[in-house]
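Residue numbers (this note's numbering), protein chains in the order written: chain A, 1 to 229; chain B, 230 to 387.
FYI, nobody ran anything at the bench for these hints, they're computed from the structure.
Everything numeric in this text was worked out from a predicted model, so none of it was measured.
Just so you know, even glycine gets a beta-carbon here, dropped at the ideal spot from N, CA and C.
Watch out, some of these pointers could steer you wrong.
[Said to hold, decoys possible] Computed beta-carbon distance windows for the label pairs:
(1) L222/A <-> K290/B: 52 to 62 Å
(2) C201/A <-> R267/B: 34 to 44 Å
(3) E269/B <-> K150/A: 35 to 45 Å
(4) L222/A <-> R267/B: 30 to 40 Å
(5) D279/B <-> L222/A: 35 to 45 Å
(6) I211/A <-> A281/B: 46 to 56 Å
(7) E269/B <-> K75/A: 16 to 26 Å
(8) A274/B <-> M152/A: 48 to 58 Å
(9) K284/B <-> I59/A: 27 to 37 Å
(10) L7/A <-> R267/B: 51 to 61 Å
[To be verified] Listed next, the in silico DMTMM-like pairs over lysine to aspartate or glutamate satisfying Cα-Cα at most 25 Å (straight line):
(11) K84/A <-> D261/B
(12) K13/A <-> D28/A
(13) K253/B <-> E132/A
(14) K254/B <-> E67/A
(15) K254/B <-> D53/A
(16) K303/B <-> E293/B
[Claimed, not checked] From the derived model, a few chain B residues whose C-beta atoms are all more than 10 Å from chain A:
(17) D272
(18) K284
(19) E294
(20) I296
(21) Q305
(22) D309
(23) G314
(24) E343
(25) V359
(26) D361
(27) A363
(28) I366
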Amino acid sequence: MDIKELLREVLLKDKTFIHLPFGDGKYDIYESVVVMWIIMAIILVVLLILTRDFKVHNISKRQAAIESFVVWIRKIIGGSLGEKGERYTDYIVSVLLFLGAANMIGLLGFIPPTMDINVTAALALMSITLVEVAAIREKGPVGWLKGFAKPMAIVLPMNIMELAIRPLSLCMRLFGNIIGATVIMELIKMVLPVVLPVPFCLYFDIFDGLIQAYVFVFLTSLYINEAVE
Amino acid sequence: MLEFSLVNIICVIVNLLILYLIFKKFLFERVDKVLMQRKEEVDEATRAADIATQKALDTKKEYEEKIALADEEKEQILADIKKQGYDEYERIVNDAKKKGEQIITEAKHNAEVENERAKEIYAAQLTDMVIDAASKIAATKHSTQDDRELYDKFINEA
Numbered sequence: 001m002d003i004k005e006l007l008r009e010v011l012l013k014d015k016t017f018i019h020l021p022f023g024d025g026k027y028d029i030y031e032s033v034v035v036m037w038i039i040m041a042i043i044l045v046v047l048l049i050l051t052r053d054f055k056v057h058n059i060s061k062r063q064a065a066i067e068s069f070v071v072w073i074r075k076i077i078g079g080s081l082g083e084k085g086e087r088y089t090d091y092i093v094s095v096l097l098f099l100g101a102a103n104m105i106g107l108l109g110f111i112p113p114t115m116d117i118n119v120t121a122a123l124a125l126m127s128i129t130l131v132e133v134a135a136i137r138e139k140g141p142v143g144w145l146k147g148f149a150k151p152m153a154i155v156l157p158m159n160i161m162e163l164a165i166r167p168l169s170l171c172m173r174l175f176g177n178i179i180g181a182t183v184i185m186e187l188i189k190m191v192l193p194v195v196l197p198v199p200f201c202l203y204f205d206i207f208d209g210l211i212q213a214y215v216f217v218f219l220t221s222l223y224i225n226e227a228v229e
Numbered sequence: 230m231l232e233f234s235l236v237n238i239i240c241v242i243v244n245l246l247i248l249y250l251i252f253k254k255f256l257f258e259r260v261d262k263v264l265m266q267r268k269e270e271v272d273e274a275t276r277a278a279d280i281a282t283q284k285a286l287d288t289k290k291e292y293e294e295k296i297a298l299a300d301e302e303k304e305q306i307l308a309d310i311k312k313q314g315y316d317e318y319e320r321i322v323n324d325a326k327k328k329g330e331q332i333i334t335e336a337k338h339n340a341e342v343e344n345e346r347a348k349e350i351y352a353a354q355l356t357d358m359v360i361d362a363a364s365k366i367a368a369t370k371h372s373t374q375d376d377r378e379l380y381d382k383f384i385n386e387a
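When you get a sec, could you build the whole thing from the sequences and use the hints?
Now the structure itself:
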């Protein structure tokens, strides 16, 4: 199998998972959505196990760990969101945890949903919606519209373009990184299927996945922080 | 992998919202509840501690006032006692003075009486001597010489 075939297989593979009998494939549910359901189910179960019987006193180590984790991650995300954007912390943390899980789901043998551009596009759409909603809530519709002409009227087209560029870059960055990692992993497996993939797998599936999740979330919170300033 | 599918994007968005609700309900709300309860308890404890401290301070103040009152009372009593002591002292000293004066007066009186008596005795002796001298003079033949001797003798004897 040469590289061309490999790329074709990775990039153009039929990703339909549930084929609906109507609409001529237009309403097919992709594998990424199904994997996302699996991730959601895993997260739900893990959360239910981790957060059961929380107490105020005499807490278990598990509860202490969960509490300090939540406080810690909220501090990090809330710090980059700024004071005014702090109310969006919980959504951002949710996205971060989901992306972390999604990028690492490859460890369990699933195809990461973030390898599907539809998922990253949806995430980016949510992010940009949140950014603009935050701006409108903070400044009012008029103030939001006026914000496009700041600091000077000449930057107006750029700011309008940014509305499209930001989500596009978010979406493509995440998608490209994950698919790139997968392609490289496939290539490494072609070179030597034993031993060699282990450190790279550790890097691409765990480290890189977490970094990309953090980058996505960090940029989103940065945009929100900028929007509400 | 590269074509967009609106249905799937919507599915993912719905999934994300559900996921957010899952996180909110089963992670953040539970953690927040515990944290809030703990915070309330801490606040409650702090308030109780503040009240207790205030109470203790009030009691301390009260006792300090009481002690100050006691001090005053003590001073008063001490002053009273001192005054009494002074009065007593004065009285005793006065008594002693009076007694002393009386004794002195009596002594003076006694001395005068004694003096008078001594004078009387002297006078009597003098009279006797004069009579004696006169009788001696009368009994002896006398010249100027004798008279002089006699006078000298008399004066010497006197």
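Results for each hint:
1. L222/A <-> K290/B: 52 to 62 Å: Holds: the Cβ-Cβ distance is about 57 Å, inside 52 to 62 Å.
2. C201/A <-> R267/B: 34 to 44 Å: holds (42 Å)
3. E269/B <-> K150/A: 35 to 45 Å: holds (43 Å)
4. L222/A <-> R267/B: 30 to 40 Å: holds (32 Å)
5. D279/B <-> L222/A: 35 to 45 Å: At roughly 42 Å between Cβ atoms, L222/A and D279/B fall inside 35 to 45 Å, so the hint holds.
6. I211/A <-> A281/B: 46 to 56 Å: holds (52 Å)
7. E269/B <-> K75/A: 16 to 26 Å: holds (21 Å)
8. A274/B <-> M152/A: 48 to 58 Å: Given a distance of about 56 Å, which is inside 48 to 58 Å, the answer is holds.
9. K284/B <-> I59/A: 27 to 37 Å: With Cβ atoms ~32 Å apart, the hint holds.
10. L7/A <-> R267/B: 51 to 61 Å: Holds - the Cβ-Cβ distance for L7/A and R267/B, about 54 Å, lies within 51 to 61 Å.
11. K84/A <-> D261/B: holds (20 Å)
12. K13/A <-> D28/A: holds (14 Å)
13. K253/B <-> E132/A: holds (22 Å)
14. K254/B <-> E67/A: holds (15 Å)
15. K254/B <-> D53/A: holds (14 Å)
16. K303/B <-> E293/B: holds (15 Å)
17. D272: Per Cβ check, D272/B is outside 10 Å of chain A; nearest 13 Å; holds.
18. K284: holds (27 Å)
19. E294: holds (42 Å)
20. I296: With a cut-off of 10 Å, I296/B remains clear of chain A, as the shortest Cβ separation is near 43 Å.
21. Q305: holds (57 Å)
22. D309: Since the minimum Cβ distance to chain A is about 62 Å, D309/B lies beyond 10 Å and the statement holds.
23. G314: Given a closest Cβ separation of 68 Å, the condition holds.
24. E343: Per Cβ check, E343/B is outside 10 Å of chain A; nearest 110 Å; holds.
25. V359: holds (133 Å)
26. D361: For D361/B, whose nearest Cβ neighbour in chain A is about 135 Å away, the distance exceeds 10 Å, so it holds.
27. A363: Given a closest Cβ separation of 139 Å, the condition holds.
28. I366: holds (142 Å)
Of the numbered hints listed earlier, not one is contradicted by the structure.
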